[in-house]
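J.: If you read the protein sequences in the order shown, they are chains A and B.
For the first sequence, position 293 matches number 304 in our numbering, and the numbering has no gaps at all.
For the second sequence, position 103 matches number 114 in our numbering, and the numbering has no gaps at all.
Calculated from the structure, these hints are not laboratory results.
Fair warning: there could be bad hints in the mix.
Copies of the same chain look alike in the list, so a pair counts if it fits in one copy or across any two.
Once the Cα atoms are required to be at most 25 Å apart in a straight line, the calculated SDA-like pairs of lysine to any residue come out as [what the hints assert, rightly or not]:
id: 1; residue 1: K324; residue 2: S262
id: 2; residue 1: K324; residue 2: I207
id: 3; residue 1: K34; residue 2: I323
id: 4; residue 1: K100; residue 2: M63
id: 5; residue 1: K100; residue 2: E81
Since this is a predicted model, take the numbers as computed values, not measurements.
There are 2 protein chains.
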Amino acid sequence: MSNTRKIVITGSHGFIGTNLAMKLSKIKDISLIGVDSCISGSNNKMYTDHFMKHYQFCLTNINQLKNVLEGAHIVIHLAAKGNVIDSLKDPISNLHSNVTSTVCLLEAMRISGVRNIIFSSTGGALMGNTKPPVNEESLPSPISPYGASKNACEGYLSSYAESYNFNSIILRFGNVYGKYSSHKIGVINQWIRRVIQGIDLEIYGDGSSTRDYIHVDDICQGIYLASERLREKSTHGILEKYHLANNQEISLNQILNHLKKISDKPISSKYYPTRKGEVYRNSSENKLARDKLGFIPKVAFGEGVKQLYNWIKNEEFDLG
Amino acid sequence: MSNTRKIVITGSHGFIGTNLAMKLSKIKDISLIGVDSCISGSNNKMYTDHFMKHYQFCLTNINQLKNVLEGAHIVIHLAAKGNVIDSLKDPISNLHSNVTSTVCLLEAMRISGVRNIIFSSTGGALMGNTKPPVNEESLPSPISPYGASKNACEGYLSSYAESYNFNSIILRFGNVYGKYSSHKIGVINQWIRRVIQGIDLEIYGDGSSTRDYIHVDDICQGIYLASERLREKSTHGILEKYHLANNQEISLNQILNHLKKISDKPISSKYYPTRKGEVYRNSSENKLARDKLGFIPKVAFGEGVKQLYNWIKNEEFDLG
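Whole structure, please, built from the sequences with the hints as guidance.
T.: In structure tokens:
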């Protein structure tokens, strides 16, 4: 009997999907399959398609999903539209990509008899302006359609655990940053590109707003630990939630200071009014993830930003 | 300047919609408009169409919604597929009717500049098997797709309050029963029909499972009080949640005993295994609703069941 575990990653062309696939590809007895709708504009497939098969279709296509899911041990569901500001411009498109797609995936899993899923949720957008640090006992109160979409998916996972014996682990990520993120427009990536190009940085608010940044290598370690936990659990109907974060608030002004240390160029910045839907402060406790999953983030923020700075410089600017 | 308030009720052919419309029609300076997709099979329109206009279309039709919403002061959003067992059979259809429709309604409101909404949520299905009594501080943990759909909508209301300055009051109903419910198949209605016809009652579980039943007249009073509260609040961006319930657990066996007192016929019953997705016990505190809305339920359970028994006997069985 083969001991190979088939793992299906949704959003396999994405930032976290690519980092995760590269990590998992080094582990024995794992076979990886990717699904991606290809709407993110990512070119990351080139980093992973020599060791895994990627399917390209929308997750609302339950019939195609059923074929891909056949014999799978676990689904790691990373596919989502993750941009808060975009979700404010078009909540229905975000609903379709994040919620309808997730329920269709759950239905395809149910029909296919695949019962194990890891879901990528969010700490900050889910909790809105709840005073940090938040944890697994905090009441969700999303302030953007994106946050509402993750809240919706969490509820569906809760119901599928009980109604259809799914084993689900919900991982609420902090603000993830790191390599293989050329299609991403989060603040760290944007600022690094602007610093390299000598363009003014845009700061929304007075620079005191915070996020709980976490390096993608730490997130991938957390996802791997969650997959091991699901493998150990033989009973059906598990629903667990963990915040994967650093329990550390880092302000926009602190990022600016890090970049000043890393770059040898002068950096100038402009301040703009805060934007609706964006959380002011955020950090998440990671005690439960430490205790139950053995999750220990290893990458210090300054070190991680320096790595990303060099990666963007090499990948996005030194190609010519 | 006219002081008439235009109130749009979704699910206007429904059980609660009909009771509410009849109550509101007696209040001066209110103009009522109904929207209903007509998929519930209710014939209730006949009770209200002499005093209000009903539009018939699906709420995902944003363009039609925009026309109906023009000049409206408030939307009371009651339309939903409310049956837990049906949601387990077809979660995607339930998602479409409950979540997609709600987000489309919110979008139509946003485009039309209508910012006040009362949303009918649920106490029991939202909270799952959280130990009763639950309240506004309890963590949602739905165990059915229906419960997940209401959780999803609550999150979207939360985000629209912050992102688009909506004033939202979420009302989490107990198990509502009462007249104008001929299309409903909840346990009280089903059992009354069976008692009248001399058919065995079906009891899932040992009869000890409980719900927090509340009479539709009390619910309509609560909705009215919430609409008054929204009228008083001039600031935008309000999001409030209230449990409208009796803070009282009533078991299936207790309902059976009430029916034995009401009916002059012998009643027999059969016990079946419990069904997935159904909550075992439920009751909700109503302290916050009492304090903030002045909500005081008035109909005692035994009295309400007796009224409904007589209504069903007259409306459903004495027509010929």
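J.: Going through the numbered hints above, which ones does this structure break? Give me the numbers in ascending order.
T.: 4
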